Structures are given as structure tokens and as C-alpha cells.
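Participant: Each chain, letter by letter, is given below.
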Amino acid sequence: MSQPPLRIRRDPRDPATLRVRAPVAVSAAEEPTQATVRVDDAAPFVLAVLNLDAGRLSRDDRDLLGAARRLADDLGGGVVLAACLPDGADLRFKPEQEGADRVVLLAGAGFVNDSAESRVSFILAAAETSGARHLLFSDTNVGGELARRVAARLGDRAAFEVRRLDAQGLAADTDAGRIEVRRPLPRVIVPARASFAPLNETVLREARTVPVSLGPPPRVRDRGLLPFDPGNVPLAEADLIIAAGSGLTDWPSFHAAARALGAAEAGSRVVCDAGLLPRNRQVGASGALVEPRCYLAFGIAGASQHLQGIAAAERVIAVNVDLRAEMVKRADLAIVADAQAVLPALVRRAAERRLGESGGAEASAKKRPGAALPPPSPPRENSWKEDVEWKGQAPSGPPSWLVNPDTDRTSYEPASARDFSDIVVLVSVGKHSVSKRACRAALDARALELALGGGSAVTALHAGPRTDVLREYLGAGADDLVQLETADDADPLPALAAWLRTAQPRLVVAGARAEAGECSGMVPFVLAEQLGFALATNIVAFEIAGETAQLVQALPGGKRRRLEAPLPLMITVDRAGPEPRLSARMRAARGLVQYQPPPPVSVDARASWLTKPSRPRQKRLTAPLGPGQATTATGRREMIEPDPEAAADAILDFLVRDGLLGTQSDPEARS
Amino acid sequence: MHGPDLAGIVLLLAAAGLVGQMVRLSWRWRVGGTASVDWVGGLRRLAHAYFHTVHEVVARDPYASRMHVMAAGGLVAALALAFVLHVGGMRGRAAVALASLILVSTAVSVAGVALVAWRRRPPRPRRLTGGTFNLLPAALLGALVFLCGSTVQVIRVGGSPEAFAPSSMALALLGTIALGTLVMWSVEGPMRHATAGVVNLMAHSRPRRFQGRIDSALKPLDLTGLRKPGPHLPIVGAVTPASFPWPRLAQFDACVQCGRCQEACPAYAAGQPLNPKRVIQDLVEATTAAQGGQSPLLIAEAGIGGAIAPETLWACTTCRACVHECPMLIEHVDAIVDMRRYQTLELGAVPAKAAVALETIRDTDTVAGRALGSRLDWATDLKLPIMAERRRAHVLLWLGEAAFDRRTQRTLRALVHLLRHADVDFAVLGDEERDCGDLARRLGDEFTFQDLATRNIETLERYAFDLIVTADPHAFHTLRNEYPALGGHYRVEHHSVTLDRLFADGRLRAGDGPADVVTYHDPCYLGRYNGEVAAPRRLLGRLGLTIAEMEWSGLRSRCCGGGGGASLADVPGERRIPDMRIAQARATGAAIVAVACPTCTGMLEGVIGPRPVVLDIAELALAALEAVPGAAEAVLAS
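Each protein sequence line maps, in turn, to chains A and B. Each residue of the first sequence is one higher than the one before, starting from 1 at the first, in our numbering. Each residue of the second sequence is one higher than the one before, starting from 1 at the first, in our numbering.
Looking at chain A on its own, in the form it has when it is part of the complex (with noise of 0.2 Å):
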């Protein structure tokens, strides 16, 4: 224990090198014999949250034993595993081999269906069996999810964005990266995802099975997943995207590659003004902007358009004959070939590889349709072109606002008489990415759009200091705004929930994340709580019959299940929810506002913690190249005129390192 500290280097990319201390294991580590390694039962235990990837160990999962095992070590106690198997699979790696001392499994009975609520339960309950002092989750759209529903459940102020981890304390940054805050531990921690090297265990330990019990059944119930096309998953959404270019002609093995990739179909503007694809698959300045793990263009040049549609892909693989094409020069796998020529080829040695869309053996099992694009639509009947004749029918049903200019559309009833909308949107102020401006937080205006679509009226609620940029979410639709004028630093979550217990609202709609301040996005999650309102997250779609809501949640790589959720209920809108609407200045300036006073303050939960502002920090590759691979200087790699199967291999590794596909059936083949 008294050796010096090791020096480990995380990241090559990452300047923020972290200094640990040795490992407890360390003597172990440096035997060669495989003793296991065994941790008393009264010791400290990092409990981790897997995610599993049809049993496997994910890159993120990997990343966060790593992280849990180091603060295990820290804390001198072990490491608790926790996995759900909803699908009946297997575990399909050995647990004491990864650093588990303790292993909690969920699998086939324990599963009423797969929400979250139930993984919730499970996980509190495997904490509490093993005694776990932290929970450690990682940085995904589930892992997220469990980690703000556990915190929310124990009252804690979960940690996210963690960025520095040991027995002392850690660093995590909050406001969207700007501020970097030293804490003490608590105990739901959520780590920056690849902020922390995976383990590189070499020692075997004991992972020991903990049985469990679990609570009562969930309030929000699965009702399926939708029909999934992979071929058309709205861009915006998608992973794995692949695009043609007007250097494409052979459709068919286009939308072969789609289907056996599982990947999403897109264009160019002029494969999309030619009708070869649907205007809604367009991607461009003019079209839609993508953010894609990983998108595949073939035979597209690169206009700057074009590009800047595709500005925030992670990684990109072109397939061009053009060598100086701006698209070959942006990808990080550049195929110099003819797209005709690589595409069978890609299908073909996809399928010999038996290579399938990952992740969810409810997609690959469902048969996809055939054809994964509908005809092009029709040319539109242009029956104003007709001629212009004298009598025209005069449209019907006149808003009585404006047959009567002496009606009074604006006025409202004073607010103490006025019943509050069955439906209420949480809003909070944005920060413009550029220009640092408060606007419209872009996941509330979303949040706000899709409370619209119920039809009723919806009151937008937000706690914080008096701004006239909240009206922007009165000029976007919302009936009326109600602000509750809490100080500038003040905990908005008493003031919200004070007020959510007296109106009673039905349903509560809130962004995922707000864009300034904590960011953690645990206020829905502790609202729904400590109102004991059901909750989902990442609503599309809902519909309200009787005392339950009907919702769609979206699910990662675009796919959609039904929901059935008893009322009250909140729920939250994420990147997958409806486009805002423009905000109409007179509509925000009429609208009315109520400035209300805040309950009395309570003691700030962060009055201890330290915060400096954050270093920027460059993100680690998801995925390094591996070693024996021919790259350019900036770690590009180009090929030229390859043989079209070895070209085919090639962006299929890409993809299969990037966790974008995984072998459909059998475990083994994977290289």
C-alpha cells in the first residue's frame, strides 16, 4: 500500500491523464500464478451497471468496469456486476475474469417485460443485497436512464459527466462542459463516457453470485415494438447511415447493402431532386443534418453543402473514383473505387461473414419488408394551374375572432380564477452554442411541441430569475407561462415541485437535459418521485384515453415501442421528438405570464462542492484503429483502387470495431 502511485496513461488524445493509486491487487497482478483474488463481504462495493450487448461486454461497459474496478481498488473493496438479460441470453464472457467479485444477474423469469422501472427495482435491490456504497452507470441513453431513476429513488445527487474518480472525491463537468466541479463521492456516479481506460485485469476473482428479489411490477408497461424499417429511420436518429451520390447507379445492391448493414438510406440534393430517393432522405445544408456513429457515402463528391450536412458524423467512409473528392479527403476510411464495384461486394462478403445490424435480437429476428423504400411519390396535381374564372367558391366557417373585429381574442381571465392546464411543460432558458445568447432550449421547445400535439391547453412552468426569453415558448405554442422567481443559483426542484402538488396536472412534459447550469437531467426524474408521478423517457408520441396515456418511446438507432403508463404521468422528449415550431413575436408578446414567488428555500445540497472552469478536452476515438493497419499521418486510412472484396472487408471491420454490426447468430465468428 505504500508503494508509490502508478502513472497510468489513459489516452494517448487526452491530456487529463489521471494518477491513481495502486491497485489492492497490485502483488497479485504481478504474479504470475492465477490465484483468485477474494473480497470479505464487510469491504466497500462499486456496484457497476452493465448495459450488454446480447450478452457481451460493450466498449462502454468495458470502460466502466475499468472505472469501478480502479475505485474499488481505491476504496480497498470490490466490485459488484449487475447485468439484465432481458432475452433469455447467456453471459458471454467470464465475470471473474473482468474484476467482478460480485455478480447480480436479472434474466428470463425476473423479467415482467423490459422497462425500466423493473430494472430499477433490480438494481436497488442488488445494492442493497451487496451492500454497495456506489453505483457506478455508464454515459449511454440506458444506462442514463437507470442511473437518474436510481438516484432519483435514493435521493442522491448522482454525478455525471465524471471526469476524475477515487476515494477522495471526483471532478465532473456541468453546464454543457464549461464548469468542471469537485465533489465528494456520492452515491449514483455516472462517468464521462471514454473518460476512463478499460480494465486490463490479469487477475481472476471470486464473482460470486448475489441472489435477489424483486420489487413490484412496473406502472409503465411495454406494449411492443413498432414495425422497424431500418432502411427509413428518420436521418436525424439514425447510427449507421448510408448515402448515395450521384456517382451511385446500382440501386439495387444500394438498398441490398442498406438492409444487410441494417443501416439507414440517404442522398445527395441531386440523387433527391432526381426522385430516386424521397426529399425526407435528403442530407445537406438543404436537408437534414445527421449525426451518425458512422456514415458510409457512396459515390458523393463532397459539395461544401453536402458536408456541412454531415459535420457532426463521427466517422465517415467514402467510396468515390475520385481521388481529390472533398468527401474522400474528409473520411476517415477513403476508398478510392467505383461504389458499383464495392457494393455487391460488400453485401456478399456481409452476408458470408454472417455480419447483421447489432445490438437487439428483437430487430435482426423480424423479417424486414422487401423493399425498404416506398415508390416515389407521384408529381403532384397542379390544379391551380387551371384557369382563373370569376366566381370562385368562397372558402366556409369563419373564426368568430375575426368576423367580429370587437371580440377580443387576447384577453384572459384573471389567473386565480383560471384552472391550470391538464398538461404542463417544464421550460428552462437555453445558451446558444455560438453566440452564448440565452434562447429557447432546444430539448424544451421540443418537449413543448410534442405536448401541442394533444390538442388541449398546455401551461409552460419554469423556476429560476424573471427573463423575457421565456415568451419564446408562449410564441411557440404554449397557452400560458407560469414563473416561478427563484433566485439565479436557487435549486429550481422545491419551487417546481411546491407548485406541480398543487396544480395537479395530468401530465408533465419535460425536455431531457436543460443546456445550462447542472445539466444532469435529474429534474423530471426526481419530480416524478417526489410527486410520485410514473415516468418514461424519450417520448415521440402520446395520446391520453381515460386515466392511462398510450405513448411511443423511441428507442436508440430509431426504433419505436409502445407504452402504456397510468396518469399522472411525466414523461421526457428527447433529440427523437418533434421539431419546434418557429416562436411568432406576437403571439410571445401578448401571451401571459405569471411571476409567482418561490416556496421557502431549502439548504442547496451543492453549498460544498468547488467549481473552476473546465479545460476543453479533446474526445477519445471511439474506437482506435487497430494495430497492423496501414493509416495516414492523421490517422486516415485510404485505400487505392483496392480489390473489391478486400475494400468490402475493409469498411465491414470499420464498422464491426465501432460496434455498428455484430454477427447475427453465431458468437464464435466474431474476429
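Keep in mind that the hints are not guaranteed to be accurate.
Unchecked claim - Covered, in the sense of this in silico footprint (three residues per stretch, anywhere, with C-beta under 8 Å from a C-beta of chain A), are these stretches of chain B:
#1 11-18
#2 338-348
#3 357-368
#4 544-552
#5 555-562
Since the hints were derived computationally from the structure, they do not count as laboratory data. For clarity, every value in this text was computed on a predicted model and none was experimentally measured. Even for Gly, the Cβ is constructed at its ideal location relative to N, Cα and C.
Given chain A's structure and the hints, the job is docking chain B onto it.
Facilitator: Chain B alone, transformed into the frame defined by chain A:
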């Protein structure tokens, strides 16, 4: 002198009917808002407005001009003379002279009516309206036969014809029917163009047009009192016909449905759901609907039908081709922008991409969504003089949105080299320059436009300069014509004018480059909006280039499709406007399309397939300059 004869009575009845119809029309326009109209001035300029301003437009179609002069001129002259003859009861030798004049007038008019009928022979040209317009020649002919017959009777009888003779009765009946029809049609029918047209000329919203000047600046909305939030703010923009001041309703009613706007409209030609003629007729119908207590909504809203499809509104490129072609001087673009203002400011109902653009402009003061400080990123090597450091310069170079686009940065770079070579003392605003507000204004967001304009004017007022030069015709038009209403009065020049002068003064010289054939694409906001079609052509000539004109050029140039936010709205059509324009350019056989606008550059370069090279005139000028021996090195050195 005798009293009026039977024909005279018919004429008197018709005149009385016409007066009644004018009352009905004014009742109809009462739906509209109030407006202060200078009636005396309007009446005084009426003749000039009609014979000069209107006929300048009419004469662009010689057939229509001849047709109208003969048919209308003959009829009006014959009616006026017949009034003297029949109502005044003139007899004797003077009557014979008068009668022969009437006969000559009617003969001329009949020839004109024949031209009307001939023009409408099947198959009727697409742009002309059918319906009652098809019956117009018959009604006119009836009136002319009546005039002619009654006149012949007077001469033959030598005194008042017997009132109850069958021939008199028959003629009077014919006259009553024909003239009655025409009078009836002066409120609801083809003749309304005459009645409403006269009122339009007197009460026109842009009287400067009658002074032979171009008047293309949008009128600012008065926003005082609208900025303070409160429940009782008035509704802004056009939502019903009542939102327009009444002279604008008279203007819509003046439409003669000649279809010239339809022929000129690029969106219509591209098969997009916009036909300017139809838009005006929809406004007319909405006015009629508002009379009858029916839904007067212009655009559908909250499940209630409207007169005009929203796609129509957003397909407009605001190129003013329709306005330029309209013989009745109708301001289509003003109406479109008024309706857009309501959609944007009251409903926020704008096409998705336009909504994003407006949000971006509101949040960042740029269309591209870039930081103001990055406007000079492309020019770090050029070390442009900044106004904030210099305080004064001869020329203030307005860079505009072109500074954020890789393609148009090349144009700006060329322009900077040229100005340096010509020793022009210039400076840029750098991070103090905000978007000029053109796009926000055309999309109906008057608040954002006025906010941007006011802040730009505040900036400009701090510095001393003689002249603003810009390579962006949209900024040029906005700064030159639309900032004055907000208190910013500047001398603004488009770079084509500046470069033309520098070459003329010998401060820049063109070398002996290849004498390429180019075709020049006029930017709408330079040509039609500001009348500048000569300077760019002169400049191209000075560069030693030969111009092959396109099918539509100069003041009648076709839009590139990028103006007024139309490219953001991206309303689907059968074709793309820039594709059509490039096809016209290709037809000239020119190897180069010379452009003078960053928007046109982007739109035309976006056309795929074989096409002429798209080069800004600044790039062409720099190439010509570099052809001068030794000049290229000098440019590099600068």
C-alpha cells in the same frame, strides 16, 4: 339644340349605371383599412400615369398595345362623341362632322375588338383567362353596333330619329344590353380593370413609380408600441383582406388577368404551386367573401380554410418579375410579404428550414449561424483594414453572408485584390458587421430585420466613409433602399459599378486574355430592384469579353431561385429554377456564366451535369487584370 334622343337616354342610363357601380366598388373596398390618399395629386398625374407609366409596360407586348389602343381608345372616343351627339342633341352640319368622327372611332374600335377576338381564338393562350373574358368581344361589338347604328340614324334622318321606330327601338335595346353588360362587368367582370384601374392609378401605394423611378423597397411595419409585451397588441401582417389598406384592395381588383406575371414568374415556370395571377385573383375572391360574411382568411389556419395555399406563399422568390410585367402596376411581392408577416410573426407557421434560418439569425445575427468574430476567418492572410481601428476610409466594404461560404469567399478575395490594386482606400467592419436583414425581412420577420438594421446603422454611424461597396445585391438593395426608412442614409454601390468605374478611370487595366464568350445573369436585386443592368455589361465589355444574352435578361431576367428565402422553403415543383436558368445559359453557347451575386453563384453552381463555368464578375475582372504583364505578381504582392 334638341333634348336627348332615345340613344342619348340609353347613354345617360349607362352613365348613371357606371356612377352607381363606382359607389358599389367603393363600398366593396370599405372592408379594407383606412389610407390617406392624395386625390388632387392623383387626379393631376392620372393622364401621365396612364399614358406614360402604364403604356410603357403595355407597349412591351406590341400586339396587346395595338389591340388596347384601338379597342379602348376607339370605344372611349366614340362614347364621348356620342354623348355630345345624342345627349347634347347636336344637329345640323356639325352633327354630320361629329357623326363621321364617331363612325371612324367605332371602325377603329371594331378593328381593335377583332384583335381581341383573334388573340383569344382557340386554342386560347394559356396565360389568358377564359370565362366572361371570352364574351367581352361580343359585348364590345354590341355597344359599337349600337353607337354606329344610332349615329347613322341621326345622319339619315337629319334630325332626331323617331323614338318609337322599330329600328330605334332595336338599337336602343341592343345598346341597353351591351352597355348594361359592360357596366355590370365594371364591378364583377372583365371591365373592372378600367374602373378599379383608374382608382389604383390615383391611390397607388408607390406613387414614386409615376415619376419614372424604381420603387422596390418594402415598406417598414411600424413596430413602436409592439415591442412591449401585453395582451392587447394589434395583429400584424395580412390575415384577411381587411388587413390591407383599401387602395391595395382596389389594386387587386384592377387585375386584368392578362397573365404576363404568370409568364414571367420563375416559380410558375418551374411548376411550383405559385401563379401570381392566381394569387391576385384569390385576394379578389377573398375580398368578395369578406363582403358576404364568409371566411375571409387568406391562408388556412386552425382548421379553417383559406384562399391561398401556404406553399404558394413560400414559393415566391420575391424576384419582382411579376411586378415588372404588370400593366396594372399591381404590387404582388408587397402582398406576399404582408401575408408572410402574419404567418411568421403571429403564427410562426414558416417552412421548417426557414424557421431554422430565422431562429439562427435571431440567435447569432448571421444566416450561417457563425460567430460574428469569424467573418474574417477566410481573410487572415489579407490583413483587411478594420473600421474600428481606422475610424475612416473612402470605401466601407460590406462583406455580407458571402464571407461564410467557401465558394463566395473566392469572389470576395478577388474583389479585395482588385480594390488593393486600384489603390482604393477601404476598410471592413469585421466582427461589427451583422446580417443586413434581407432574408429575415423577406421571410416576414420584420422585428428581426429592424433589430439588425438598427444595430447596423448604429455601427455605421460611428465611422466616416464616403461609400459602401458590396458584392451582394441583397445587402446592396437593403442598405441603399430599405435602411433610409430606419434612419440610415448611405451611398451604396454594387461592386460591378465600382469595378466598371475603376476600369473606366484607368485605375485598373485588362490584359489581352482569351476573348471568351460569356453570358451575364442579372441578379434580381441589382437589375429589377435597382435598375442596374448596364454597368455589369459595360464592365464585361471592358474586360474584353463578348456577351451572349440569354432568353430572359436585363430587367426581364429570370431569377436563380434563391431570393426571398425560397430556396429554404424548398417548395416542390416539377423542375428546379436554377436548372432552368442554366439551361438558358447553356443555350447561348457561352463557356462562362458571369454572375454578380453570392446567392446566384450558389444556386447556379448547384446545378449538376455539363454547364458553363459560374464566375463572379470580380473573379473575371481579376483574371483580366492578371493577364496584364506583371500584374499578377503585383496582385500577389498586395
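Participant: List in ascending order the numbers of the hints, as given earlier, that are violated by the structure.
Facilitator: Going through the list in order, the structure violates hints 1, 4, 5 and respects the others.
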